[in-house]
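Visitor: Top line first, the protein sequences correspond to chains A and B. Numbering of the first sequence is given in the numbering used here, commencing with residue 921 and proceeding in unit increments. Numbering of the second sequence is given in the numbering used here, commencing with residue 1393 and proceeding in unit increments.
Worth flagging that the hints you see were computed from the coordinates, not collected in a lab. Hints should not be assumed to be uniformly reliable.
[Stated by the list, open to error] Straight-line alpha carbon distances no greater than 30 Å define the calculated DSBU-like cross-link-like pairs of lysine-lysine that follow:
1) 1414(B) x 1026(A)
2) 1414(B) x 1426(B)
3) 1034(A) x 1549(B)
4) 1003(A) x 1557(B)
5) 1698(B) x 1003(A)
Since this is a predicted model, take the numbers as computed values, not measurements.
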Amino acid sequence: MGELSRIWRESEHRYRLMGNRCGNCNRVFFPIRAVCPHCHRESIGKMKPMELSGRGEIVSFTIVHDTPPSFVRQRPYALALIKLDEGPVLTGQIVDAENDSIEMGKRVRSVFRKIGEDGKSGIIQYGYKFVLE
Amino acid sequence: MLSENVFVIGAGETKYGELWEKSLRDLAVEAGLKAIENAGIYSRDVQILYGSNSLAGIINGQENIGSLIADFSGIASGNIPAVRIEASSASGGAAVREAYLAIKSGEYDVAVVGGVEKMTDIFGNEVLDMMSSLLDREWEAFFGATPAALAAISARKYMKDFNVKKEALAMMSVNDHANASLNPNSHFKNKITLDQALNATSVAEPLNLMDCSPVTDGASAIVLASESYLKKNKLNGMRILASAISQDYLALHSRDSIYTLDSTRIAADEAFKRSGLKREDMSFVELHDSYSIYGLMELEDLGFAKKGEADKLVEEDIKLGGRLPVNPSGGLKAKGNPLGATGVGQFVEAFLQLKGKADKRQVKDARYGLLQNMAGTGSTSVVHIVGGD
Ligand SMILES: [Zn+2]
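With the hints as constraints, model all of the structure from the sequences given.
Guide: Printed below as a string of structure tokens:
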């Protein structure tokens, strides 16, 4: 039950790429932050939800061969840092692409996919991955 | 107020490696007792104990590590304080710093730090999931990130932006193995060639098995004491000249740069400022090179090379006889990386080096050492400078 609620708690952010924006300095955050790390108390009460486009570019990436048990069936997979057009950088897999075709700087967009195989709780976990544009 | 100088007066450790026959408590007690004996004091002289450990809660199902170590080291009857310090793979350095502060404040005269990790109680790649708890579980590990994968992501961009060849990373591992072959306590005893380092099984491209520290069991312990205690008991030791710790965003993706370790840079600047020493005064450094790329990044962020230029040091300078010997112990790649023990183990090595007791891997005329211990991808760094008179 613990793991189930942990996953459910973040599901809106993972399904819809919900971030937030600081009303004081306009910086955008993903995942959401309760307080802006630049504005501190000036941002309290001014952090506004914001749905992100899911479009951005590859900062850097790796092809993962040695994986934890819940990712064994996907290996090898491409994992990247993606800088979204709105500013935040996030970590996600790149799918539906030949590994040779992945390059730093290439444009990507988010897709909704199954993430890990059954975790300890036996539930299937969903969230964002990325495809080349 | 902050007046007491702090010294390390004893050090001890277990062999590092895959120690199937030894339990978490066996390891901790062995290292602790060796350190106390080495210091020439008695268990009853210890006034406070800091355990350092990262993953015993999930690997061994054991928390309450402070009490466990105190109890089975035979000092529970003294009823001294015993707590565990956790800062993932920087637990060791962080625990030494707590002991240092406790003595520096004048509150205690003698402290023991015991770092321990028992990682081989878990089979196969389960341990990789547990090691991913060093990362942001919800926003990194959830999506398939592992510590090696994130180091690889930093490595790829670093190599491209600074036109650094993979050979430079591999040389860090070659150096670690060469030094570890001279350390009787190291996980690996074999030297490796540049060719072997470049052509091992891929872990997370561009990093392979020879770029990654192993899964290691082990424990390291040191005894710290105040200067007044040393004088009163006519002991001597290794002075801790400066202790600094700094913090960064937990997730790699939240940081401004993926190949600059701000926590290391800030802690190093602070440590050098406090010690009054310069980079060129260091006789050797022990780096937290859990992945080869971090060795290069750390040399830069500690101020020994400009950003992107650490590769110039790997050919000659970092060797045992070089200008700046790196990881005389064998480092995380080859001495091993038992997370909670790793940072304490750096002190054990420094203690041997500065006492002139490091045998075949002795750094000539060793006078000052710098020890850098880091959590995960750089979320915490602890930097200590030790030595002098
Ligand atoms: Zn702000």
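Visitor: All the hints need checking, so say for each whether the structure fits it.
Guide: Hint check results:
The straight-line distance between the Cα atoms of residue 1414(B) and residue 1026(A) is roughly 50 Å, outside the 30 Å bound, and the hint therefore fails. As the CA atoms of residue 1414(B) and residue 1426(B) are separated by approximately 16 Å, the hinted pair is consistent with the 30 Å bound. A C-alpha spacing of about 28 Å is found between residue 1034(A) and residue 1549(B), which places the hinted pair at or below 30 Å, so the restraint holds. Straight-line distance between C-alpha atoms of residue 1003(A) and residue 1557(B) comes to about 25 Å, which keeps the hinted pair within the 30 Å bound.
The straight-line distance between the Cα atoms of residue 1698(B) and residue 1003(A) is roughly 26 Å, inside the 30 Å bound, and the hint therefore holds.
In the structure shown, a violation is registered for the earlier hint numbered 1 alone.
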